Every structure is written in structure tokens, then in C-alpha cells.
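Asks: Heads up: the protein sequence lines correspond to chains A and B, in order. Quick note on numbering: the first sequence equals residues 1 to 136 in our numbering. Quick note on numbering: the second sequence equals residues 1001 to 1113 in our numbering.
Check the hints yourself; a few may be wrong.
[Said to hold, decoys possible] Capping the alpha-carbon separation at 30 Å, the derived lysine-lysine pairs in DSBU-like fashion look like this: (1) A/K37 with B/K1110; (2) A/K17 with A/K67; (3) A/K113 with A/K17; (4) A/K58 with B/K1041.
Since the hints were made in silico from the structure, they are not lab data. Predicted, not measured: the structure shown is a model, and the values here were computed from it.
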Amino acid sequence: MHQEYTVIEGDFVNAGKASSSVKKTLKQLNVEPAIVKRVVVALYEAEVNAIAHAYGGKVLVDIDSDKIKMVVADKGPGIPDIALAMQEGYSTARPEVRDMGFGAGMGLPNMQKNVDKLNVTSEVGVGTTVEMEVNF
Amino acid sequence: MTIREIAKLLDASVCIGENRLDEEVEYGFASDLMSDVLTLKDTPMLITGLCNVQTIRTCDMATLDIIVIVRNKKVTEDMIELAEDNDMVILSCSYSMFKACGLLYEAGIKPLY
């Protein structure tokens, strides 16, 4: 099953709509609740990142019988140093992002904790792609 | 203690979730930082002063469904709608986070860690 969502820059009101929709789909498919939580928390973190840091992007979701693959690809400033961005507490978030309760430098590390496979690729001035997989 | 008892203790109004007031609550977690909420493995009652639609969305993702808003923040219609769609409870009180947590702790609500 393939699903696609569009993420718009700065659109915090709709942040999490893709994750919310994926949550409903996985529940309908009777995926174990603990796994659903891991999937949607990781996807939500990625979605919030794309809204907070980039100029919008796409969320692509593929659900198979044994796993879910998620790709969040944004057009944005990119991440110059991915290893640094993966460190807990490192953040470049703007004050308005922090006002929404995010921007503590925990997004990428939290994605890592919740998924079975994480791959982050980024090109400065072009954008960032976060690929995640969770096995059922 | 029940959600009804919590509402009474905090002199809180029930914004949504009247149908769940007799449910028991055992654990609480207080934070204004949604990034912290997203790291929880468990599903405690959330006590927070962050009052916007992302508070509700974050709770939905983290499968937390009982939320106490402190510091007399205005719970908006879009928050209530989203909470209603997900069968959540929102209580709103005028107490500070410190006072609300103190009263809840004294009444037996346990911390996660």
C-alpha cells in the first residue's frame, strides 16, 4: 500500500496529519499498538523537522505485510554535518519552533530509537531525505 | 484516582471527555516540551502549559489521551475537535504547573521515573 502526503513550510497547524493518517491505517491493519507507536512517533518527528527546518516536502509511505517504509524528503537548507545533527541536544530550531514545544535537538535521535533502519542523506542548499523502516 | 477526582482536586474544567471521568489514572508526566513527550514509552496523564493543537497531536502520536492544561491557558476549538476525534480528555485549570503537580503527587499520582 502506497501513500503520499505533502508537507508545507511552517504549517504547524497541519503538522502530524500524515502521521495521524498512517496511524489510522496501521490500526485498521491490526498492527501491534507498540509498533504503531514507534512508527508514528518517528514519522511525526520527521514531519515536524520538514515543517520546521525546510521549505516543504513530501512524505512517502509504503506498507507491506511485514514492514513499513517511510521517506520524508524536503527541499531545504540541508544538514551540513549529519553526525552533529544526530547528537541529542543539538538544535538549530528557530524560536517559533521552540514555542510549539519542539526544537530541543531530540528529533533525529528519537527517530533512531524508534525505527529498525534509518538513513539520512542531505545536500546543503538542496534538501534532506530521511528514510526509515520499521519491521512488524 | 479518577479523572473526576483529579478535576475536583485541581478545580479544573472538563473541556472534553465527560464520558471518561470515572476512569482511573495512576501515572503523571509534566512537560511543556513535546520532544520529551515523544520519548515516552508509557502512557501517563500529561500535565502541560503548552496549549496549542500540536499538544493534542503530539499526545495522539504518543498515545497519551488524558491532558491537563495548567496556567489558565485557553483551550481552542480546534484542540477540542482533534481531542474529540481521538476520544481524549482535556482538563483545564488555573493553577501553575508546580501547584498542579504538587497536589497530584500528594494525592497519589505516581511519576514515571
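Asks: Determine for every hint whether it applies to the structure shown.
Replies: To see whether the hints hold, each was checked on the structure:
Proximity of A/K37 to B/K1110 is assessed by CA-CA distance (about 23 Å); at most 30 Å being required, the pair is judged to hold. For the hint linking A/K17 to A/K67, the alpha-carbon distance of about 21 Å falls within 30 Å, and the restraint holds. Among the hinted pairs, A/K113 with A/K17 is consistent with the structure: their alpha-carbon atoms are about 22 Å apart, no more than 30 Å. A threshold of 30 Å between alpha carbons decides the hint, and for A/K58 with B/K1041 the separation of about 28 Å falls inside it, so the pair holds.
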